[in-house]
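Number of protein chains: 2
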Amino acid sequence: MGQKRKGNVVGSKVVKVVADPVGTGPRITMAHGAGGSIMGSFIKATVLENLKACAIQGKRPEVPLEALDDAGVMDGIVLTTDSYVVKPLFFPGGDIGHLAVSGTINDISVMGAEPVALSTALIIEEGMPLDDIARVVQGMGRASKQAGVPIITGDTKVVERGALDQMFVNTAGIGRDWDVLRKDIEIVRAHRPHEGRWLTDASVRPGDAIIVSGTLGDHGIALLSFREGYGFESTLQSDARPMNDLVAAALKVGGVAAMKDPTRGGLANTLNEWSEKSGVGIEIDEDTVPLKEAVTSACEMLGMDPLTIGNEGKVVFSVVPEQAEDILKAIRRNEAGKDAAIIGKALPRTELKGVVLRTVVGGRRIVDPPAGDPVPRIC
Amino acid sequence: MGQKRKGNVVGSKVVKVVADPVGTGPRITMAHGAGGSIMGSFIKATVLENLKACAIQGKRPEVPLEALDDAGVMDGIVLTTDSYVVKPLFFPGGDIGHLAVSGTINDISVMGAEPVALSTALIIEEGMPLDDIARVVQGMGRASKQAGVPIITGDTKVVERGALDQMFVNTAGIGRDWDVLRKDIEIVRAHRPHEGRWLTDASVRPGDAIIVSGTLGDHGIALLSFREGYGFESTLQSDARPMNDLVAAALKVGGVAAMKDPTRGGLANTLNEWSEKSGVGIEIDEDTVPLKEAVTSACEMLGMDPLTIGNEGKVVFSVVPEQAEDILKAIRRNEAGKDAAIIGKALPRTELKGVVLRTVVGGRRIVDPPAGDPVPRIC
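Chains as they are written, first to last, in the working numbering: chain A, 2 to 380; chain B, 2 to 380.
None of these hints come from the bench; they were simulated from the model. Since this is a predicted model, take the numbers as computed values, not measurements. Incorrect hints may have been included.
Any copy, or any two copies together, can satisfy a pair, since identical chains are not distinguished.
Said to hold, decoys possible - Below, in silico cross-link-like pairs of lysine-lysine (DSS-like), each with a Cα-Cα straight-line distance of 27 Å or less:
{"#": "1", "residue 1": "Lys253", "residue 2": "Lys60"}
{"#": "2", "residue 1": "Lys354", "residue 2": "Lys45"}
{"#": "3", "residue 1": "Lys146", "residue 2": "Lys45"}
{"#": "4", "residue 1": "Lys184", "residue 2": "Lys346"}
{"#": "5", "residue 1": "Lys60", "residue 2": "Lys146"}
{"#": "6", "residue 1": "Lys53", "residue 2": "Lys146"}
{"#": "7", "residue 1": "Lys339", "residue 2": "Lys184"}
Work out the full structure: start from the sequences and follow the hints.
And the structure:
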């Protein structure tokens, strides 16, 4: 209305137009880090391709980088890393420190490995209140104690004002052979061939039942509703939490073939990764997917698919069908698993390619991996 | 000259004056992350204090976080992490990727552990050219191959323009029992009592000879000279390099009691950490400290002490004196160790507190740990 336009208005967002300082080639976009299909192609082309030439003879990881799994494994040691750039740093139900430690515990656990120890690396913008840094560290300590896994090493860097938006946190962690995993694999093998000792994205087999440990989308929508300018309020809390206790309970029953924490890209991304890497189709029933009313209504309002929203305290299981009911019961006995449900099954590729949702009204909808992330910087 | 002043001009640098958005308590400064004495106090007060309440019963790391050593150790597995915020990303003799992988290899090696595998986590600003990202990844691959240690897992996050200055890299790594360490410790124990199986900052004993593997300050001064506005040019190259081969050669001789890579805070910080944690005094001779002419003259011009400048491809050794000459010979046989020298010795606290430099003209100067970092963002 006669106001001076700022920048190059695209849609409803103001985008800064920045002069091209160097080069004329393609540049990275938010979608390249969003956990979806664009990110997958980018990682393959820019990271894996450029490391190929440097492969080291005679050093063969049990689970290599190229598997793009939740963790890598070398000589029986599981190693995982994640950087957290969540915004804001403090949100309903958690903070960046608690989130980072929880996420790393979960990435180790879903490999079927017992988390042993953690590292934490803080990068902080000059001028951040020391009290806020202390709160983040307290959040880390809380999650570490909850999981029973100590933080044994760390690093702190401070950069000048403007070089970073407040604070980023990296956590890495190590895991090893878990006694509950050995029993689990024995039971899986009693029902069918199972190669390897870790539960990777390639371990799902036709017939497996798919279980989720609770309601989906809580973390992403809680963060979104807390951010300014989204015009809706909610009492939703982030679900971020270390899940090693719940995972151990499921493994104790036995018959778990694969697990994954459905973070960036949500359930849609998790199931598509399984489908691709395990060579199976996956069919889920819409009316069995646990969703909170607040998530459903927020997603309707914003035109988002709850299956693509990131979670932090949830685990998706692929289990041998004979064990599914017992595993479900064990998960539900955990407070964090009370809403767990069997939501579908894996099928042979000859019957189904990719991931399909059977809708409440009886239709079938293809569930594609999201191209980008509908909610950026939620982890 | 009649120009409008921008911001609050302090000295020759323009400092942005930013309104206080939250809180009134103390805030973090660059010195808190500079590897010196201010950083030490900050880590103890803000990190260790806040994690104390969350100590986990029955989980006792072999080398815990509180040791503030180059790595932590739990159940025989060595874990280390570092975030790299070096500016610029590409500099004479290296790049942020090659630097990060080398630094992590070195942090594991100086514990006396064999590096087994690495993780890498990239945080990238939206708009960064994909070609530059590829170059960073190639640098990582080069260092990984040079060290013979594979990168087995990773993470990539992209944040919106302005939320980050181009790119930060985190690398974490794991190590384990090294056959060469067992022989080394046997020889150390033949000369004196030695507790524990790892080479920590607390392992230096009176009488130990102090060896540096080469010239000091090359990395920091190379970076500084390459930055705009410093008004001097130099042909200096960064010394960043994986040092596990050189470390293995020294351990094979036997008699190495402690090692450290003198990064942030330089040799001055390394020796003060040893002095404090091992409870010894350390005396070094100025005329034996290897320095390149280019580093000496740059430091004179800028009023900096070369002992406080960060290095990346150097190792400081504390060794039993009977083995010192043989260890020195072994180090010098490595291309990266050709300028190695014995520069001093450890003394009982009763004779000397702290760290002292015997100057060329026969004086004695106390070497304090630097308060902050004379050259920020060099790693």
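Here's how the hints hold up against the structure:
no. : hint            : result
1   : Lys253 / Lys60  : between (32 Å within a copy, 22 Å between copies)
2   : Lys354 / Lys45  : within (22 Å within a copy, 55 Å between copies)
3   : Lys146 / Lys45  : between (36 Å within a copy, 19 Å between copies)
4   : Lys184 / Lys346 : within (23 Å within a copy, 55 Å between copies)
5   : Lys60 / Lys146  : between (35 Å within a copy, 11 Å between copies)
6   : Lys53 / Lys146  : between (39 Å within a copy, 11 Å between copies)
7   : Lys339 / Lys184 : within (24 Å within a copy, 54 Å between copies)
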